[in-house]
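Chemist: Read in order, the letters of the sequence shown correspond to residues 26 to 584 in this note's numbering.
Keep in mind that the hints are not guaranteed to be accurate.
[Said to hold, decoys possible] Distance windows between CB atoms, simulated:
no. : residue 1 : residue 2 : range
1   : Ile-440   : Leu-461   : 14 to 20 Å
2   : Thr-374   : Leu-425   : 54 to 60 Å
3   : Asp-421   : Asp-326   : 24 to 30 Å
These are computed hints drawn from the structure, not numbers from a lab. In this text, all values refer to a predicted model and were calculated from it rather than measured experimentally. No residue lacks a Cβ here, since even glycine has one placed at the ideal position from N, Cα and C.
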Amino acid sequence: MILFLFTSIGLQLLNPQILRVFIDTAQRNTDIWVLTRIGCIFLAVAIGGRIVAAFANYWSQNVSLYATNLLRADLAEHCLRLDRSFYMKYSPGELIERVDGDINGLSSFFSQFVVRILGSGLFIVGILVLVTWQYPWIGMVLIVYMLLGLTLFTRLQKVGKSAYKNSRQAKANMSGFWGEALGSLEDMAVNGGANYILHRYFTLQRQERKADVRSEVYWSSYEGICELFFTSCTVLVLVMAAYLFTQGVLSIGAIVLLLSYATQLLTNTFDITDQLDTLQRATASIERINELYHTKSKVQDGPGVDFPAGPLAITFEDVSFEYEPDQPVLQHLSFSAKPGELIGVIGRTGSGKTTIARLLLRFYDPTSGVIKLGAQNVCDAHIDDLRERIGIVTQDVQLLQASLRDNITLFDPSIDDTRILEAIYALGLETWLDALPAGLDTKLSSDGMGVSAGEAQLLACVRVFLRDPQLLIFDEATSRLDPATEELVTHAMLRLFDNRTGIVIAHRLATIAHVHHIMVLHAGQIVEFGPRSELAASSTSRYAQLLHMMDSDSEEVLL
């Protein structure tokens, strides 16, 4: 690529010299064939320069794509390793704009900046050397002008960086808004939130337009100053060339040469100013990317521990947790479960049930206290190793725009159809599979269209079964299912719990009819914990009172 670059510069510097020779030769009434040969040489050099420049551009584009794709992958991987508090700070749309939009802003920088800055810089140096060697006074004037120009451009460049950074942030805010708005479109439309969406949209649009206008005003002013500066330089060169022509120092060909070099000098300097603008835009993007790169996860990976084989014991020792300072979600939780036992967790919304699952998976670390699995502190474990040993089924199952097969395996090529079918039959879900139009090849959409909540839960059960975890968590997985589908999911759930420790976070009492222990949470505290049969038989037990309410109403009690 460097060879192509130097060759292209050399050919561009050579062509004006050929043009000067052509004009001066024509003035002497030379044979037409001589002029024709000079013209052919001029044409060949021009075409050769374009071809070489095209090859240099091709290689620079390849370098750009390779570099930006690596950077995008690294940044995405870094973000995926951050804890849940990071995702509470940024909306999905804003993260997409940060990871993809900002890196796209660097694409032009990687593909063009080095080639064009280096190429234009070398070209300008070549022009100044040639002009100074042939016409010293004009060359010195151009050098002074270039030094003044670089000083001016460097100062102006610093002004625009903050304007462009604000513009990028405004676009990220708009992307984040649309991600949230489209995700809640049905709820907003039904419940009268359309006016709010429009109001919020117009507010963000005004902010984005204001930031864009400031950025464009800066660039337009910057470009105008550059044009004025170099126009004055061209005029000065013309005045000096005209004077030297009247003194017999310059020929017509030499004047054309100087005009050509002055024009190319102007063009390449504008190219540099354009790349300086790209640099400042890239600098703003780099600062935003750096901000993400320097975001550290509050959940640090542990040194690694050896978990025992088989079902894992669970121990919470005086565990407290808060998402926000001075707003406790869990307070001094202490309980344990032996390997293979099932714990049913019930309580009102906001009592901290799901937080227990998040702490076990180390989406967060407890504010105080210790959580152990198999007698090992979860904070000492490698996060990936820990999560491989825990399976979770929630009420919101993430589907992918892919076949049922790929949704089950999550694109793991090591899982063949035989293992998938074995898992489906082991869970007693063959009737569900047979009812699908194309079996494992059935196409699913990421928004869940065409798939019921129950079918999504069944799919999640097969996913978990294939992973073969040692601890299984059902987080209100049957809360939105009809009785028939709930029975099917519950049947699959019981098979999944075979030879595994389990936690069932329940929304309906029927869901925890088969657990060994019941935990009742209220305001982040354990108000009741014990064997299910004993609590059901106790007249003072909250669990027994809920069962009595269910029997009296002849309907399921929703918690």
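Chemist: Now, for every hint given, state plainly whether the structure supports it.
Modeler: Taking the hints in turn, this is what the structure says about them:
1. Ile-440 - Leu-461: 14 to 20 Å: holds (18 Å)
2. Thr-374 - Leu-425: 54 to 60 Å: violated (29 Å)
3. Asp-421 - Asp-326: 24 to 30 Å: For Asp-326 against Asp-421, whose Cβ atoms are near 27 Å apart, the range 24 to 30 Å holds.
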